[in-house]
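Enquirer: These protein sequence lines are chains U and C, in that order. With the first sequence counted from 1, adding 5 to any position gets you the numbering used here. With the second sequence counted from 1, adding 117 to any position gets you the numbering used here.
By construction, these hints were calculated from the structure, which means they are not laboratory data. Glycine is no exception: its CB is placed at the ideal position from the N, C-alpha and C atoms. Heads up, some of the hints might be wrong.
Stretches of chain C that chain U covers, calculated by requiring three or more beta carbons in the stretch to come under 8 angstroms of a beta carbon on chain U [what the hints assert, rightly or not]:
#1 159-167
#2 266-276
#3 304-317
#4 377-384
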Amino acid sequence: MYRLMIPALLFLYVVPMNAADLSAFLPVQSNEWSMESDQYFNNENLYDYIDGAAELYLSYGFNTVISRRYACPDEMDIVVEIFDMNGARDAFGVFTNMREKNQHEFGQGSQQIEGSLIFWKDHYFVSLSTHRNTGRSLAAMKKIAAFIDHAIPNENQVPAILGLLPEQNLVSEGYCYFHHYIWLNSYYYIANYNILDVNDQTDGIVAKYGSPDRRSYLLLIQYPDEQAAQAAYAQFVSEFSPELKAANAVRLKDDTWHTAALYERLFASVFNAPGKEEAIQLLNSVKSKAQLATDEKVPNHKTIQP
Amino acid sequence: MTEKKITRREMLINTTAFTVGSALLFNGTYAWGSSASSKSRVILIRDERLPDYGAKPDPALVKEMLNKGLCALVDEEDPSVAWKKIIQPSDIVGIKTNVWQTLPTPPELETAIKEELISTGVASENISINDRGIRRDPVFQKATALINTRPMRTHAWSGVGTLIKNYIMFAEKPSDLHPDSCADLASVWNLPNVKGKTRLNVLVMFTPQFSSVGPHSFSPDYVWSYKGLIIGFDPVAVDSVGLRIIQAKRNDYFKEDRPLNPPAKHIEIADTRHHLGTADPSKIELIKLGWDEDLLV
């Protein structure tokens, strides 16, 4: 219904070309809330705005952000940020990094919880927040979100590696996309260093499978070429699971199973599986997906909705 | 500095107190103010009468909790004697607080600490409460003693905001400590204006935050009424107790193992690399006082 309200806002916008133009994605008013001020930050001064939290955005690749504050008498302010990320994969990555659920209400994926509404679309990550929601503030936030969603003209593709996740037993919204090694440990602690040589040239995703009491984690890293993949795989096997040189799965001291394999330039590994068969089966499913994608010569990225 | 590489495999082999997600490698030997063989004492004190998030606590109740906790820490019954064990009237005291907008150090706690310092004989002009301006603060510049206090909360880059991290504002350029998810935060405790000066660490767990969302890292959904203070001399030990509570709350709330993202490695590294204190539960003497419902530790 909020999409239907957009014409009533009667604001013109253009496709942003620079930082200042991001303001064209924002209304000056939403219900009783009026624009108070704008601030702009780039990757050199984002610390001045959100200090340590800046690193998350920088780790994904970030250009500029507009922060607009809206005020309303007798209500808490609403703060809206539009992050112009380097690419769609970065906006998607930030969203998957912090969302607990995907409500698909705005953009290409959204989440609303108490005091916070986030979504992503194209190469933009959008956040709306207030100290505490009331019925009025939530309505105003959703109206602003709808305006922004409509103002950003295009959607963009999710990273192709998402299409390599087997659908069976995948926890809904239980995956995180990244290309900075810090996020290797997003769901499951692997190592305190960059054991898989993750960098801006790689695509990584970690995903949850099965119920909480029988949880497996699948890690996929796509390298730019087979040479890089082989080097990373060799390091991983040497430093994490040397048993894989002689066996196809390893039982860890906590009685969970782990395995790993390389399919051309794709590294795949299963952690915390409740049994050997589950670990190998999940890996084989990845192999089938990877083979299918290779045979089709196109990324199979439409099988899972972000 | 050579980085110690720690994989999950190593932790499973070496650790007796492994906790999934918040896992640390526990092999430190140092305990603040005590011999290497003794444990770091940490006091967890809770009171059900504290209010929920957003409401102001009763200043008298906050002071009562602080004093009970300190008394237990130093084995004294009289708070005035307990304070004199850690602070001298001649001291110049910087109270390092935290002003993060949505979850700051409660002013009632800052006031309670200041009042106790004055009661101990410290001149009012020799006490300062500050956070982001400490490097320019004349009291902090000539401080002989520091008291470190802040709430614990999840953090988008360091895993959790801790007492160890609270001193980052002593650094000339705090962002220099951000690499590798703030792994070496404890190094700031070796700066000349910090080293050896901390007399007390007070981790505020009134309404701690167990998850983050958005650029401001906050939703009221992600705080809960734990109604506690964690007090100790060893900041690593205090932080590691707080971390276990945060991790337990995350697992309870999300109904599955939900490790901090990223892991709070700076706590473990404060122990194993910087030897600031101990993160090993087997080397921490945890004394629990007061309200014991849903302790989580």
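Enquirer: Can you tell me if the region 377-384 of chain C counts as covered by chain U, using C-beta to C-beta distances under 8 angstroms and a minimum of three residues?
Expert: holds (count 4)
Enquirer: Taking a Cβ-to-Cβ distance below 8 angstroms as contact, does the region 304-317 of chain C have at least three residues touching chain U?
Expert: As far as the region 304-317 of chain C goes, the hint is violated, because 0 residues have Cβ atoms under 8 angstroms from chain U.
Enquirer: Given as covered by chain U, does the region 266-276 of chain C meet the bar of three residues or more with CB within less than 8 angstroms?
Expert: Since three or more residues must qualify, the claim that chain U covers the region 266-276 of chain C holds, with 4 doing so at under 8 angstroms.
Enquirer: Examine the region 159-167 of chain C: at least three residues should have C-beta closer than 8 angstroms to a C-beta of chain U.
Expert: Check failed, 0 qualifying residues.
When the structure is compared with the earlier hints, violations turn up for hints 1, 3 and for no others.
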